[in-house]
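Chemist: Here's the letter readout for the chains.
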Amino acid sequence: MAVSVFLYTFADLDKSLRMKQYNMRTFFNVEDLGDLQTALAEAQEVKKNRFAFQELGRNKTLLMIFFNNSLRTRLSTQKAAMNLGMNVIVLDVNAGAWKLETERGVIMDGDKSEHLLEAIPVMGSYCDIIGIRSFAGLTDREYDYAETIVNQFVQYSGRPVFAMETATVHPLQAFADLITIEESWKTSLGGEPKAAPKQGRLEGSRPKVVLTWAPHCRALPQAVPNSFAQWMNAADVELVITHPEGYELDPKFVGDARVEYDQKKAFEGADFIYAKNWSCPGVTRPADYGKIISKDMSWTVDAEHMSWTNNGKFLHCLPVRRGLIVTDDVIESKNSLVIPEAANREISAEVVIKRMLEAL
Amino acid sequence: MAVSVFLYTFADLDKSLRMKQYNMRTFFNVEDLGDLQTALAEAQEVKKNRFAFQELGRNKTLLMIFFNNSLRTRLSTQKAAMNLGMNVIVLDVNAGAWKLETERGVIMDGDKSEHLLEAIPVMGSYCDIIGIRSFAGLTDREYDYAETIVNQFVQYSGRPVFAMETATVHPLQAFADLITIEESWKTSLGGEPKAAPKQGRLEGSRPKVVLTWAPHCRALPQAVPNSFAQWMNAADVELVITHPEGYELDPKFVGDARVEYDQKKAFEGADFIYAKNWSCPGVTRPADYGKIISKDMSWTVDAEHMSWTNNGKFLHCLPVRRGLIVTDDVIESKNSLVIPEAANREISAEVVIKRMLEAL
Amino acid sequence: MAVSVFLYTFADLDKSLRMKQYNMRTFFNVEDLGDLQTALAEAQEVKKNRFAFQELGRNKTLLMIFFNNSLRTRLSTQKAAMNLGMNVIVLDVNAGAWKLETERGVIMDGDKSEHLLEAIPVMGSYCDIIGIRSFAGLTDREYDYAETIVNQFVQYSGRPVFAMETATVHPLQAFADLITIEESWKTSLGGEPKAAPKQGRLEGSRPKVVLTWAPHCRALPQAVPNSFAQWMNAADVELVITHPEGYELDPKFVGDARVEYDQKKAFEGADFIYAKNWSCPGVTRPADYGKIISKDMSWTVDAEHMSWTNNGKFLHCLPVRRGLIVTDDVIESKNSLVIPEAANREISAEVVIKRMLEAL
Numbered sequence: 001m002a003v004s005v006f007l008y009t010f011a012d013l014d015k016s017l018r019m020k021q022y023n024m025r026t027f028f029n030v031e032d033l034g035d036l037q038t039a040l041a042e043a044q045e046v047k048k049n050r051f052a053f054q055e056l057g058r059n060k061t062l063l064m065i066f067f068n069n070s071l072r073t074r075l076s077t078q079k080a081a082m083n084l085g086m087n088v089i090v091l092d093v094n095a096g097a098w099k100l101e102t103e104r105g106v107i108m109d110g111d112k113s114e115h116l117l118e119a120i121p122v123m124g125s126y127c128d129i130i131g132i133r134s135f136a137g138l139t140d141r142e143y144d145y146a147e148t149i150v151n152q153f154v155q156y157s158g159r160p161v162f163a164m165e166t167a168t169v170h171p172l173q174a175f176a177d178l179i180t181i182e183e184s185w186k187t188s189l190g191g192e193p194k195a196a197p198k199q200g201r202l203e204g205s206r207p208k209v210v211l212t213w214a215p216h217c218r219a220l221p222q223a224v225p226n227s228f229a230q231w232m233n234a235a236d237v238e239l240v241i242t243h244p245e246g247y248e249l250d251p252k253f254v255g256d257a258r259v260e261y262d263q264k265k266a267f268e269g270a271d272f273i274y275a276k277n278w279s280c281p282g283v284t285r286p287a288d289y290g291k292i293i294s295k296d297m298s299w300t301v302d303a304e305h306m307s308w309t310n311n312g313k314f315l316h317c318l319p320v321r322r323g324l325i326v327t328d329d330v331i332e333s334k335n336s337l338v339i340p341e342a343a344n345r346e347i348s349a350e351v352v353i354k355r356m357l358e359a360l
Numbered sequence: 001m002a003v004s005v006f007l008y009t010f011a012d013l014d015k016s017l018r019m020k021q022y023n024m025r026t027f028f029n030v031e032d033l034g035d036l037q038t039a040l041a042e043a044q045e046v047k048k049n050r051f052a053f054q055e056l057g058r059n060k061t062l063l064m065i066f067f068n069n070s071l072r073t074r075l076s077t078q079k080a081a082m083n084l085g086m087n088v089i090v091l092d093v094n095a096g097a098w099k100l101e102t103e104r105g106v107i108m109d110g111d112k113s114e115h116l117l118e119a120i121p122v123m124g125s126y127c128d129i130i131g132i133r134s135f136a137g138l139t140d141r142e143y144d145y146a147e148t149i150v151n152q153f154v155q156y157s158g159r160p161v162f163a164m165e166t167a168t169v170h171p172l173q174a175f176a177d178l179i180t181i182e183e184s185w186k187t188s189l190g191g192e193p194k195a196a197p198k199q200g201r202l203e204g205s206r207p208k209v210v211l212t213w214a215p216h217c218r219a220l221p222q223a224v225p226n227s228f229a230q231w232m233n234a235a236d237v238e239l240v241i242t243h244p245e246g247y248e249l250d251p252k253f254v255g256d257a258r259v260e261y262d263q264k265k266a267f268e269g270a271d272f273i274y275a276k277n278w279s280c281p282g283v284t285r286p287a288d289y290g291k292i293i294s295k296d297m298s299w300t301v302d303a304e305h306m307s308w309t310n311n312g313k314f315l316h317c318l319p320v321r322r323g324l325i326v327t328d329d330v331i332e333s334k335n336s337l338v339i340p341e342a343a344n345r346e347i348s349a350e351v352v353i354k355r356m357l358e359a360l
Numbered sequence: 001m002a003v004s005v006f007l008y009t010f011a012d013l014d015k016s017l018r019m020k021q022y023n024m025r026t027f028f029n030v031e032d033l034g035d036l037q038t039a040l041a042e043a044q045e046v047k048k049n050r051f052a053f054q055e056l057g058r059n060k061t062l063l064m065i066f067f068n069n070s071l072r073t074r075l076s077t078q079k080a081a082m083n084l085g086m087n088v089i090v091l092d093v094n095a096g097a098w099k100l101e102t103e104r105g106v107i108m109d110g111d112k113s114e115h116l117l118e119a120i121p122v123m124g125s126y127c128d129i130i131g132i133r134s135f136a137g138l139t140d141r142e143y144d145y146a147e148t149i150v151n152q153f154v155q156y157s158g159r160p161v162f163a164m165e166t167a168t169v170h171p172l173q174a175f176a177d178l179i180t181i182e183e184s185w186k187t188s189l190g191g192e193p194k195a196a197p198k199q200g201r202l203e204g205s206r207p208k209v210v211l212t213w214a215p216h217c218r219a220l221p222q223a224v225p226n227s228f229a230q231w232m233n234a235a236d237v238e239l240v241i242t243h244p245e246g247y248e249l250d251p252k253f254v255g256d257a258r259v260e261y262d263q264k265k266a267f268e269g270a271d272f273i274y275a276k277n278w279s280c281p282g283v284t285r286p287a288d289y290g291k292i293i294s295k296d297m298s299w300t301v302d303a304e305h306m307s308w309t310n311n312g313k314f315l316h317c318l319p320v321r322r323g324l325i326v327t328d329d330v331i332e333s334k335n336s337l338v339i340p341e342a343a344n345r346e347i348s349a350e351v352v353i354k355r356m357l358e359a360l
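Chains as they are written, first to last, in my numbering: chain A, 1 to 360; chain B, 1 to 360; chain C, 1 to 360.
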């Protein structure tokens, strides 16, 4: 038989993927972005003129697949792709209604109407880049931390894939957080963030950044604190993580950061406070994975908490429950960066999609 | 601290809004459109070539936010924005699932997962113009008529905001109604509506326009009749409003229009019949606000009703329940304008969005 | 009264439709495509450069109306329209929530909130082309096979209408199937499918194509096998249809194809196996219309089944239930064409929409 003219068959799929494993094909972890200072400089370039790269996206299609609800990510990522001149298709998958079979040798007479080995390559065939949101189930730690769903898209779609929050990471958020911290830090040092700093360092000095757990009424995933810790560890900041005992994040995300169980000590001298709730990561208490093991309201970030800091700025990924995570006066203060932080989601998404387009 | 590079912080928000309070920043009431004859002439210009203004919308994004279902408004507004070269993001908010906290000082441990003070500025940061649909709850007159939800978007989004039907007004519909009446009236006078009439008058003479209540099986908002009355009062027509006792519209919308409880007297000599059901506005009967207080089928517009008119044209905003509001023969007659009236929704939306783009 | 300037009124609607009944105004059956070889050549032209016809779609809007769920059709059709430079509006109609009244003389005080005589022309007024998905109810054969819903769109929308799977046909799938079979057949004959064959024949020889029923756990419509049979009958292939007794397809789709109740005999020497489940078409057993009358697992296509063929290729429209319709080894084999077949959905949609644009 002559050379196939088809896009790919199952037999070709592995080879096709191997051939394309270059440049920016995935965006899940901070390493996927390469040199962070280059990326931050690129973010400022994009921010100055977010419509400057429209030829890159011409006749290219982004497929955004949501297995879970989304507001900020949906809007900011769609906006970023349109800034780049792309076509965008949004696919809302009701997680309950469309279950993908992942095993072979199964008689599919139950509630799973399609096998991922068909569904994923087919979706890949109608687009150029895939963004995917698929939250942690919070019942099976091993399954969640293996990133099963998302890895299948990487393996079988034949397309670059980026996370719009997966079971364990939310890198578009963490990148936007870093952009915001860099902008604020440079501004506080008296300079606009126009030039990329040398040697991978935030100019002038090293800010102290504190990731603090705060109470919440629902069990939330660890994706945001995981990625934030990973990105801050890669950036030139002093990272301190503080939370009640039992809330230890996975060591691969904590890295060399200092873990401090005394919230006041953690906050002392802090330049940035990043508040977030997360459920038990199951590191020290495997049986408690995904559960709420504290609702200690003394961890809510209020004006007294902020008074312990070095005139610290306040960040949160949003949405935020006021009164639980943070008080009204803190989030509405001039030191609150939550709105520009959210606005930078458009910028982080645009840099990532731009790079994926360049690598197509 | 140096000048902030952020889009805005909470502290900047008020100033930012004040700075931008010029030209067409909102579209809720007929006054927002300025001179009506200029607007009608612009509508005809847009209708002649609806793709003539695409440079205006280049790299601009319309965010359409729906707290309630929509067919006509969704399609016509999206079409209008695309005619203008804009990018469009449609956000369907399940009113039950995403409740915004509006109070300060609350511990948000209930069903409201986000505070409007974060949600609205964030949505504003991903777009250039906002269209919003948020129906009346029909249980609390004061809350509905204060336009609480929509005013929060005006106050906190930092963007121009237009109504895609709010608790009390539906100006895109009323503007389309006026365009349709003007076209029909000029045509009936023997001329095409090509030239803008002088002195703000529909040429030739003043048509008699009757807004008539008609029965319905469900309790409906007053937004459509409110806006229709407001717009007709501003236009050069003779407006008569007719309905059973208890259905009096809010005086600020009724204005100087004649209210006639005898439907036959109201219809006599009418050039245009605008039928619509609405629930009790609670003006004369506060306790009945939002309730059905009459299902009198003698108010259904049938051929006999139309025989009382001056060969009157029939209008309705759609969707319409046949047999309750109007009979088949009337809505299908050559005097029925409901289809071109709906088609003019694209034109009214395009004029409004065009003006907002010009004012950006 | 002077000539109306309105798009159309009810009185004009029939005339407007008559005037526009030329060229490609509908796409439901294989005859709508005209000469098949020309269409196949056009498919290859589109596939070589799917962005070559963007001027055609400039400022044109496709409205995709879904009364039922969709994955492949939604994505591939949207992609095809964007390839052609069109604007796309997707309308998801919850079949339960938005019921259209179809009768006249009815008092609409029930669950039907709009009459199709308003809803359809209004939707038509906001777009240039309509795609519609509306599945069979599988309870009333006469209603389903009359294609009531879709025909109303053809009659009242004033726009070209194409099927995105209706009660009885799925021509975008069948066209993609034919493209895939032609590509594979030419490739197997040693040539790339670059030149359109002469005389309406697949070059070289006539492949044997077998449409085989296979078991399923849910009652499925007959649209896919109906259209596949219709298209294969129109193409230059030898078509054999095989299924258990009682599953006879409607004669108008079966045409001159051989029906063979012995699956093994049917498969012997086959070049292409097209597997699909369908519920009872009610041809020989009217009372069983839409029911499952066999779950005979001996009909599942496995390696032994494929061994009966002439090194046959395997096709399925997807989604497919593995273990019921086909085994893992067959669908994952190098002879499986299901992924390129799905990818060709973009091509078949693009040819159809391109032709409709040319006929506007």
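The reader is advised that the hints may include incorrect statements.
Identical copies carry no separate label here, and so any pair may be met within one copy or between two of them.
With a cut-off of at most 20 Å between alpha-carbon atoms, the simulated EDC-like pairs for lysine to aspartate or glutamate come out as follows [to be verified]:
1. LYS334 / ASP32
2. LYS295 / ASP92
3. LYS334 / ASP262
4. LYS295 / ASP109
5. LYS48 / ASP128
6. LYS60 / GLU31
7. LYS112 / ASP329
8. LYS48 / ASP262
9. LYS291 / ASP109
10. LYS264 / ASP92
11. LYS208 / GLU114
12. LYS48 / GLU245
13. LYS99 / ASP288
14. LYS252 / GLU114
Please keep in mind that the hints were generated in silico from the structure rather than gathered at the bench.
These numbers come from a predicted model, not from an experiment.
Chemist: Take the hints in turn and mark each one as holding or not.
Modeler: To see whether the hints hold, each was checked on the structure:
| no. | hint | result |
| --- | --- | --- |
| 1 | LYS334 / ASP32 | neither (34 Å within a copy, 33 Å between copies) |
| 2 | LYS295 / ASP92 | neither (33 Å within a copy, 33 Å between copies) |
| 3 | LYS334 / ASP262 | neither (26 Å within a copy, 61 Å between copies) |
| 4 | LYS295 / ASP109 | between (43 Å within a copy, 11 Å between copies) |
| 5 | LYS48 / ASP128 | between (26 Å within a copy, 17 Å between copies) |
| 6 | LYS60 / GLU31 | neither (25 Å within a copy, 33 Å between copies) |
| 7 | LYS112 / ASP329 | between (48 Å within a copy, 19 Å between copies) |
| 8 | LYS48 / ASP262 | neither (41 Å within a copy, 64 Å between copies) |
| 9 | LYS291 / ASP109 | between (33 Å within a copy, 17 Å between copies) |
| 10 | LYS264 / ASP92 | neither (42 Å within a copy, 42 Å between copies) |
| 11 | LYS208 / GLU114 | neither (49 Å within a copy, 28 Å between copies) |
| 12 | LYS48 / GLU245 | neither (43 Å within a copy, 61 Å between copies) |
| 13 | LYS99 / ASP288 | neither (26 Å within a copy, 30 Å between copies) |
| 14 | LYS252 / GLU114 | neither (34 Å within a copy, 31 Å between copies) |
Of the numbered hints given earlier, the model fails hints 1, 2, 3, 6, 8, 10, 11, 12, 13, 14; all others are met.
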